Amino acid sequence: MIKKKLAPWEVLESTISYEDRWLKVRSDRCRTPQGSIIEPYHVIECSTWVNVLALTPEGQVILVREYRHGVRQILLGLPGGGVETTDEDVSAAIKRELLEETGYSGGTFFSIGQSYANPSNQDNTVWSFLAVDVTLSQEQQLDEAEHIEIVLHDFISFHEQVWSGAIPMQALYLATVGFATQFILRSTHPSLQPIRTQLLHHGS
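Read in order, the letters of the sequence shown are residues 1 to 204 in full-length UniProt numbering.
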């Protein structure tokens with residue numbers, strides 16, 4: 001049996017079928033390498049997303065608790081959001097998001113990984129960051145529809161509870177926790193030494 005080489009679909013036609021301030025849906029007419037016509041194939045066009053596992057000088061992770069209407073639950077998560085046109089780059093975007101949502105700033109930021117939100121139906125990339133030694137510098141600056149509670153959690157305890165399933169989180173946040181853990185364990189940056197020692201002691 002001869003295996004056919006994988007190849008992208010050919011896009012024959014694209015239209016924007018829905019758009020508002022929150023959502024943009026593109027509907028494509030596509031032809032597969034095998035000649036099949038797929039229509040309509042809906043793709044959600046999104047901005048680049050960023051999120052951060054941020055640690056205080058005392059080794060506490062900064063979490064946000066907020067209502068998520070899709071699942072109709074109040075959940076813990078990581079600070080983050082979408083990159084805006086006024087942001088210079090993704091690093092500037094995550095520093096802005098952390099400051100707006102939590103009031104924390106400063107410290108040292110590391111870009112630790114990239115992933116895709118949902119590559120079958122969304123076109124955006126997600127950037128994960130680790131921040132250490134951030135401190136509270138101002139009040140939250142939330143949008144009108146946002147209500148976010150800040151939760152400080154011992155990082156090692158948080159780490160154990162996340163991977164045991166005791167703290168259910170969005171999958172993209174779990175990716176960031178995983179990226180952060182591996183980065184901390186492999187990095188020789190002096191600011192990460194205390195938390196690295198704790199992770200090794202607890203058998204990560």
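To be clear, the hints were calculated from the coordinates, so they are not data collected in a lab. Note that the structure is a prediction, hence the values are computed from the model and not measured. One or more of the hints may lead you astray.
[Claimed, not checked] Label-pair restraints from in silico Cβ distances:
1. Q34 / Q198: 47 to 57 Å
2. T188 / Y67: 16 to 26 Å
3. E58 / N124: 15 to 25 Å
4. L174 / N121: 38 to 48 Å
5. A166 / S191: 24 to 34 Å
We treat Cβ as the ideally placed atom computed from N, Cα and C, and that holds for glycine.
Hint check results:
no., hint, result
1, Q34 / Q198: 47 to 57 Å, "holds, 53 Å"
2, T188 / Y67: 16 to 26 Å, "violated, 41 Å"
3, E58 / N124: 15 to 25 Å, "violated, 34 Å"
4, L174 / N121: 38 to 48 Å, "violated, 20 Å"
5, A166 / S191: 24 to 34 Å, "holds, 28 Å"
Hints 2, 3 and 4 from the list above are not met by this structure, while the remaining hints are.
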